Each structure stands twice: as structure tokens, then as C-alpha cells.
Amino acid sequence: MEQFAVSSRPDGSISNSLVSWIDYKLGKFRGEIIATNLQTAALIANEFTRNDDLLMERVQAHHERQLTALVTSKTTRAPDAPRANISPLLPKQGNKTLCMRYLSKKGCNGPAPGQCFDPNRAHFKPLALPPDAKTFIDKNFLGLASEFQDL
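In the numbering used here, the protein residues as written are 1 to 151.
The set of hints was computed from the structure by calculation and includes no laboratory data.
Because the structure is a prediction, the values reported are computed rather than measured.
Note that the Cβ used here is the ideal one computed from N, Cα and C, for glycine as well.
Incorrect hints may appear among the rest.
In silico lysine to aspartate or glutamate, EDC-like type, Cα no more than 16 Å apart, as pairs [unchecked claim]: (1) 25 <-> 53; (2) 92 <-> 118; (3) 25 <-> 57.
What follows is a set of in silico ranges between Cβ atoms, one per label pair, in the way DEER data are often shown [unchecked claim]: (4) 151 <-> 13: 38 to 46 Å; (5) 38 <-> 66: 39 to 47 Å; (6) 117 <-> 51: 53 to 61 Å; (7) 56 <-> 131: 36 to 44 Å; (8) 71 <-> 23: 29 to 37 Å; (9) 109 <-> 11: 18 to 26 Å; (10) 130 <-> 105: 17 to 25 Å; (11) 109 <-> 63: 34 to 42 Å; (12) 56 <-> 142: 45 to 53 Å; (13) 73 <-> 51: 25 to 33 Å.
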């Protein structure tokens, strides 16, 4: 079964499907033996392959159930309303707004040192930081970095 899973341990549902498929094939084999169709029974051994149509149907049904469960349980991300409320309060450097991530413990990983990932934001140390911005940074970016604790 683990070899069938390729890269991870199979979950209970796919394991049950696989066991059911094997049981079906063995039942088919037993039926042919009882009917004394020994040559047909011997050919059933060739059906034990990952490419068997019945097995593929079961695996496909399993994947569809997983996908349906994922789609129905997917939570939608709420709009980033607090950031929209904070942005007008943030200090600016020229026409660029301060990058809050730059001030945080997470840091900002722009395309080059000193550059923000967002071309409308800038990396600089402001003279002061609004309390709402500090709260937002604490909540979303693990707090202020040590060099910005005095803000």
C-alpha cells in the first residue's frame, strides 16, 4: 500500500478503497475457480495493476471527494481593512509610504537590499509611529525589530 501511495502514507479512505478493490478482484478469481474456468481465473492475475480501470475509478472518486472537501472547507481571507485604515496615518518619504514590514521582526525581503517588494512603499526609520501601526505590526509581523523598539 505504501508503494501505491508513491510519496506519502495513504490515508484511511484510500486504503479502504484499495482493500475493497483487492477483495473484488479476489472474489472474481474465486468465482472463476468455482465455475472451473481455470484459464480465465489465471488471467485475473494480470488485472492486479495500478492501471486497472476499476482501481483508477476508485482513486479518481477519492481525489474528487478530497477536492470537494477542500473547496467547501476553504475559508476566504477577509480584506485587510486595518491596513487600509492605517495607511493614511503612516509617515511618507517623498511619495512613498513607510513599509511596516521593514520595521518588523519578520522584515521585508524586497528585490534588493533597502528596497521594498512594493514599489509604493519605502524603507526608512520614521521619527514616530502611530499606535495603531505598532499594534498592526505586533499582530501581523511578530512585533517591531530590535532596532526600531524606540518608536
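For each hint, the structure was consulted:
no. : hint                    : result
1   : 25 <-> 53               : 12 Å, holds
2   : 92 <-> 118              : 14 Å, holds
3   : 25 <-> 57               : 14 Å, holds
4   : 151 <-> 13: 38 to 46 Å  : 52 Å, violated
5   : 38 <-> 66: 39 to 47 Å   : 40 Å, holds
6   : 117 <-> 51: 53 to 61 Å  : 46 Å, violated
7   : 56 <-> 131: 36 to 44 Å  : 59 Å, violated
8   : 71 <-> 23: 29 to 37 Å   : 31 Å, holds
9   : 109 <-> 11: 18 to 26 Å  : 35 Å, violated
10  : 130 <-> 105: 17 to 25 Å : 19 Å, holds
11  : 109 <-> 63: 34 to 42 Å  : 35 Å, holds
12  : 56 <-> 142: 45 to 53 Å  : 46 Å, holds
13  : 73 <-> 51: 25 to 33 Å   : 32 Å, holds
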